[in-house]
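These two chains come separately, so use the hints to put the complex back together.
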Amino acid sequence: MSIFDTFLNWDVFVRVLPLLLSGLWVTFTLGILAIILGLAGGLLLALLRLYSPTPVRQITIAFIDVFRAIPILVLLVVVYYALPFMGLRLSPFAAAASSLSFVSAAYSAEIFRAGIQAVAKGQFEAARALSLSPFRTMTDVILPQAIRVVIPPITSNAINVMKDTALASVVAMPDLLKQATQAQALTANPTPLIGAAVIYLIILLPLVRLVALLEKRMSAGNR
Amino acid sequence: MNPIICMTNIVKKFGSFTALDNVDLTVGEGEIVVVIGPSGSGKSTLIRCINQLEVHESGTIEVDGHMVKRGAGLAAVRAEVGMVFQSFNLFPHMTALQNVALAPVRVRGLSWDESNARAAKLLARVGLESHASKYPNQLSGGQQQRVGIARALAMEPKILLFDEPTSALDPEMVGEVLDVMLKLAQTGVTMVIVTHEMGFARKVADRVVFMDGGRVVEQGPPKELFDAPRDPRLRAFLNAILSH
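Protein sequence lines, in the order shown, are assigned to chains S and Z.
Per our numbering, the very first residue in the first sequence carries number -17; after that it's consecutive.
Per our numbering, the very first residue in the second sequence carries number 1279; after that it's consecutive.
Simulated from the structure, these hints should not be mistaken for lab results.
Honestly, I wouldn't trust all of these hints.
To be verified - From the structure, some residues in chain Z lie toward chain S, with a derived Cβ separation under 7 Å:
id : residue
1  : 1348
2  : 1369
3  : 1386
Stated by the list, open to error - So the derived label-pair ranges between C-beta atoms look like this:
id : chain 1 : residue 1 : chain 2 : residue 2 : range
4  : S       : 50        : Z       : 1412      : 41 to 49 Å
5  : S       : 194       : Z       : 1464      : 50 to 58 Å
6  : S       : 26        : Z       : 1307      : 39 to 47 Å
7  : Z       : 1446      : S       : 64        : 41 to 49 Å
8  : Z       : 1307      : S       : 194       : 58 to 66 Å
9  : Z       : 1449      : S       : 189       : 48 to 56 Å
10 : S       : 50        : Z       : 1306      : 55 to 63 Å
11 : S       : 102       : Z       : 1480      : 31 to 39 Å
12 : S       : 26        : Z       : 1318      : 36 to 44 Å
Even glycine gets a Cβ: it sits at the ideal position worked out from N, Cα and C.
For reference, chain Z alone in the conformation it holds in the complex (with noise of 0.2 Å):
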């Protein structure tokens, strides 16, 4: 598998808070990664340094042979790297539709007939083709997401980042979500996903990733680390996360 993501040695702070404590991380080409671990340990702002919604203050990231830095470059990555986000982040002014054709139309240069027409097939493949003249105020949440989720598809990125995007959902949406996500992990695209859904992990993931204080602690398969647990911490947070 060739790597698409190498992240070697990050460092993030917030302060004097350190958020990403020299964090390796690489993710194959077509690989489904799962990044668990308690809140505060640093999986968000993780994938947040991959497309530089974060900028980290040490360490190389290289996206698909690019080098990830502030500039001229960093264009050419972020529409290689799509990103579903916890609060959906539709833009509200517009309908679904024009939520999802939005980014081809500026930043590929399709028209807007083209890209509208992209954007019906993205929000049909998401079961939504009926609602794509509503605007996101008339939405649900599991289908605000799923247009979010069309959105970042829109741009054809050969790598999709999931920030919890089940943890804002009403438990009974959650469902509908992961469906879409589980459909889109048999279509070989990369996925890296921050998540509490650890059935979904278990399902989807060719790896789970612990990740506990801004260090990854201990990753490999679902069964493994779900089953075998070696360090301490995580055996912590699986009984925490799993027994109730």
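Only chain S is shown next, with the shape it has when bound in the complex (with noise of 0.2 Å):
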């Protein structure tokens, strides 16, 4: 048998492509709502990291701190296996959405954070000299630029999201990866395995690009 025979085998490509296609949409929808929970959970984390009263404070350092330590299979796995001792049963979806947005909301409560306090103080004061709100001084003065900054590391941390849902395979979720080897065992033949690594490439070579570009662009510094 020829290497393309056994690992580059159209046929068997074409036969299990609606099944890596359906992986790749649940692949899709995970990522994407752990990216968006991760987001709205990190700017909030933020923001009550940096103004919250002191206890509150000190609570959300503690849960940043946590979720940055653990390691997501870990997560994933005592979310998924162990929390149904407790009675809470998580789906395998429901599981690898709040273990990878948690995990995603503390890495952007970081990125935000660094970017808040690379605003100018006189940004601050500017605001508060014209009796802005501290809700308005964060929307319309503050957030626009730390934003501005954070975008690079912010999109580099999304295609961290996006690759580690491959892990949620472990707890059976259908995702790309978990239709690929499901596809092996079917046509015993690893051409799926590599139809699927080419599929992750094909998205994600392009974001990878696209920091490359950001972050050029923010080196170069207009302002």
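Laid out in structure tokens, this is it:
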């Protein structure tokens, strides 16, 4: 058997493509959802960490630290296999979505915090002197500047979330990787795995390039 | 002249450094007060206490009859006190017009249309009508500072604070900013100005306040202060500035 029959078998690939595409859809849905929840949660955590009263701030810091320290795979397995013993049974999708979102929120929180702290002190002072409320100061003055600075690292984090969706296959979620391994078992041929790897690359390579471009544009330093 | 700012026994410390050491300052309605003094003398800290960008340790500040302190009333006080900064502090992601129009919409509840129209007039007043749609980084320092003045004016404040408004400017741009301030001084608004521009102080000030070491050392009409300084520290300061 040639290498093409084994690893790049076109017939096998065509046969399993619908399966792979259904897995891709699940991967996409999970990834996008976790990215959005992670961003929203991360912004909230960053604001709590910077501006809430001491007890809340300390809880927030602890939360961020824990979810930055724990391996996502461990968290996922705990959420899916251990929480049912406490009466909380989540679907594979819900377990994966919540695990990925929490970890992504923790990382995003640190990125947003750095972005907010990078905004010049004079901007806060100008907003205060104009009597803008703390809310308006954030939404009108600080966040538009902070978010601009953090777009490259936030995009980079989004790529990580997209990649980490593959971990969900260990809790039997039918994502791209899981479908590919199943297809491999079905066809007794590794082509579906190669196909899945190529699909991951097709989606993520442009994003990786995009981050590099964004970083270059930022460091070129317009303002 | 009714007093509009009353500062009594103000103490402000930064760690172990006493920036303001029991300072009293009263400013009358419509009065133009210029605060001078060597760097580190506390003059910037003094005016930053008026709108609580610095929080004083002790003493009382009254602005237009309202006690100035942390809490709910502070927003109302700040809405009456405009501030112009040494480093302009324009919002870099907004055009000149948006910089000026923002606060009246968010604080006074004006519509954007109304506020934009008023902002355009204010920009015209500081000679920048053709620069309304430019971003701060497309403007010269002098132009940025004039936008900063228009932004402060947009809230129609009773009091304007200027914290070394020309110190960050190239020399050839100082004049255009001082011209705008000179015109403002004739409108009857109360102004408290920290500056090193002695010629300007002599021309527009009703009263000059000299600070050193966190205290008000001497104050009076500019003619008196500049031509017949009594305190040796003021004499030394004026010599140092005027003799080069």
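Checked hints:
{"no.": "1", "hint": "1348", "result": "violated, 12 Å"}
{"no.": "2", "hint": "1369", "result": "holds, 6 Å"}
{"no.": "3", "hint": "1386", "result": "violated, 9 Å"}
{"no.": "4", "hint": "S:50 <-> Z:1412: 41 to 49 Å", "result": "holds, 42 Å"}
{"no.": "5", "hint": "S:194 <-> Z:1464: 50 to 58 Å", "result": "holds, 56 Å"}
{"no.": "6", "hint": "S:26 <-> Z:1307: 39 to 47 Å", "result": "holds, 45 Å"}
{"no.": "7", "hint": "Z:1446 <-> S:64: 41 to 49 Å", "result": "violated, 59 Å"}
{"no.": "8", "hint": "Z:1307 <-> S:194: 58 to 66 Å", "result": "holds, 59 Å"}
{"no.": "9", "hint": "Z:1449 <-> S:189: 48 to 56 Å", "result": "holds, 49 Å"}
{"no.": "10", "hint": "S:50 <-> Z:1306: 55 to 63 Å", "result": "holds, 57 Å"}
{"no.": "11", "hint": "S:102 <-> Z:1480: 31 to 39 Å", "result": "holds, 34 Å"}
{"no.": "12", "hint": "S:26 <-> Z:1318: 36 to 44 Å", "result": "holds, 41 Å"}
Checked against the numbered hints listed earlier, the structure breaks hints 1, 3 and 7; every other hint is satisfied.
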